[in-house]
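Participant: The chain contents come next:
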Amino acid sequence: MTLADASYPEELLYHPEHDWARVEGEEAIFGITWYAQDSLGEVVFFEPPEAGATVAKDAPYAEVESVKAVSDVIAPLSGEIVAVNEALADAPERINEEPYGEGWLVKVKLSDPAEVEGLLSAADYRKVLASD
Amino acid sequence: MILQRTPLHEQHVAAGARLVPFAGWEMPVSYDGIREEHAAVRTYAGLFDVSHMGQVEVEGPGAQTFLQRVLSNDVAAIEAGGAQYSCLCNEEGGILDDLIAYRLGGDRYLVVTNSANHEADLDWLGRRSRDFDIAVRDVADRYAMLAVQGPHARGVVSRALGIELPARMHVAAARIGNRPALVCGTGYTGEDGVELLIDPEVAAAIWAELLDAGTVPCGLGARDTLRLEACLPLHGNDIGPDRNPIEAGLGWCCKEQTGFVGSDAIARARAEGTAERLAPFRIEGAGIPRQGNAVLAAGEGAGVVTSGTFSPSLEVGIGMAYLRAELAEPGTEVEIDVRGRRRPARVASKPLYRKEK
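Here the protein sequences line up with chains R and E, keeping their order. Numbered according to the numbering used here, the first sequence terminates at residue 132, and the numbering increases by one at each position without gaps. Numbered according to the numbering used here, the second sequence terminates at residue 1357, and the numbering increases by one at each position without gaps.
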């Protein structure tokens, strides 16, 4: 089962490589967008990165895999991983079912909160999708 | 390049299928998800549009002699209504294609080719047919091809279409959609089932009837996971002109005493052994192997993955790889280099998935 209809919550910020960030003060939660999980198909494998690892904006920090394909996950912001969604190791399908909820990937302590200015609103991200 | 479309293209679009280019065709890779489709074939009955497959008719007094010359198996052993798997090899024993030959009548055969090789096969067969009293015809446009596969496939098809079905590895003429058709007891999933060669004009109606009868539409994604669990090689991945049937584990369909094209090289490979062998393996733990991944044994290069995927039935990564011959024995421990991470794996016996009886 996947989430049937496209959705892009207003309260999130988006990276054009189909990732989202939920910024809360100096921390942010990352995940992949509805479009990303739909393009990939059923996710069958996600190996969380190690807590403590650093991530750099625009650079890959993890991989998600469907039956047929593997896809890099791009960090929308820079920082240090402080928590990972361990539940995805046993239930990677949550990335399809709830890409903005139980399917979150990592929580990051931001090293440069000003980078947030470079991310897209939901409306602007929809324009990126429309032009693809 | 303009992609060819099967007679069922509109049905696939309407069903919301994800369509991808495959061997020059626009084909459905999945409808509701590869895992569900895979499970439908393992437990009930899946319906595949495989109209991209090619068909070549060989007819005439020299048909059997000709096919015996170009195909690796013993074509003379096919009785009327029989079917047989073969390799089409070049002089060096390399595999140009793998295919099934059906004997439709006394001196009339149908060969079903892989779509990517269809034109090259036709050319190869056409050039070699000149010394024989036969006609080689491209009849791919004459047929839409549907595969119905799974433990309940036969029952569903015979009830829905009101026809009797031939035994496994046999073929029978039938009327489907009130048009002449062929029913083949073959498939590419490791399950029982049939393949239907039908008039393209009735394909949409028959597709709908089979869906109404309870079959689940399945795309090329599930076809690939199913065939890999069954250890059926895919031409272009696991076998090709640079590999001979012996190293590919297809020696069983080569009868060198018939003197087919490539038989000398294959006899030599059989007698001397090959440096590498195609072997199935499963990952022990996390990770999904992919085509092109290196295989390591005791830290050293041991081969390369030719097909790799996540097995929906076993819920682990599985694949096939050419390994140094001494490593290609079930139980051998290897590692697969999956994008820089070494994943422990173990060589398995065929098939990777076997139904619990």
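A couple of the hints might just be wrong.
[Unchecked claim] Interface residues of chain R toward chain E, partial, derived using beta-carbon atoms under 10 Å:
| hint | residue |
| --- | --- |
| 1 | Phe45 |
| 2 | Asp58 |
| 3 | Ala59 |
| 4 | Ser66 |
| 5 | Ala69 |
| 6 | Val70 |
| 7 | Glu80 |
| 8 | Glu117 |
[What the hints assert, rightly or not] Stretch by stretch, here's where chain R covers chain E in the computed footprint (C-beta under 8 Å, at least three residues):
| hint | segment |
| --- | --- |
| 9 | 1056-1070 |
| 10 | 1221-1227 |
| 11 | 1280-1293 |
| 12 | 1308-1314 |
Worth flagging that the hints you see were computed from the coordinates, not collected in a lab. Heads up, the beta-carbon is just placed ideally off N, CA and C, and yes, glycines get one too.
Participant: Each hint needs a verdict: does it hold in this structure or not?
Facilitator: The hints, checked one at a time:
1. Here the hint on R:Phe45 is kept, as its CB sits about 5 Å from the closest CB of chain E, short of 10 Å.
2. A hinted interface residue such as R:Asp58 counts as satisfied when its beta carbon comes closer than 10 Å to some beta carbon of chain E; here the least separation is about 19 Å, so the hint is violated.
3. About 15 Å separates the beta-carbon of R:Ala59 from the nearest beta-carbon of chain E, more than 10 Å, and the hint is not met.
4. Annotation: R:Ser66 was flagged as interfacial toward chain E, and the flag holds, the nearest CB pair being 8 Å apart, inside 10 Å.
5. Because the beta carbon of R:Ala69 sits about 9 Å from the nearest beta carbon in chain E, less than 10 Å, this interface hint is met.
6. The interface hint given for R:Val70 is met, as the beta carbon of that residue sits about 7 Å from the closest beta carbon of chain E, less than 10 Å.
7. Contact between R:Glu80 and chain E, as hinted, is not supported at the beta carbon level, the nearest pair being about 22 Å apart and thus beyond 10 Å.
8. For R:Glu117, the interface hint is violated, since its Cβ never comes within 10 Å of a Cβ in chain E; the closest pair sits about 33 Å apart.
9. For the segment 1056-1070 of chain E, the assignment as covered by chain R is violated, since 0 residues bring a beta-carbon within under 8 Å of that chain's beta-carbons and 3 are needed.
10. Under a criterion of three residues with beta carbons nearer than 8 Å to beta carbons of chain R, the stated coverage of the segment 1221-1227 of chain E is upheld, 3 such residues being counted.
11. Here the segment 1280-1293 of chain E counts 4 residues with a CB under 8 Å from a CB of chain R, which clears the bar of 3, and the coverage holds.
12. Under the rule that three or more residues need a Cβ within less than 8 Å of chain R, the assignment of the segment 1308-1314 of chain E holds, with 3 such residues.
Consistency with the previously given hints fails for numbers 2, 3, 7, 8 and 9, ordered from lowest to highest.
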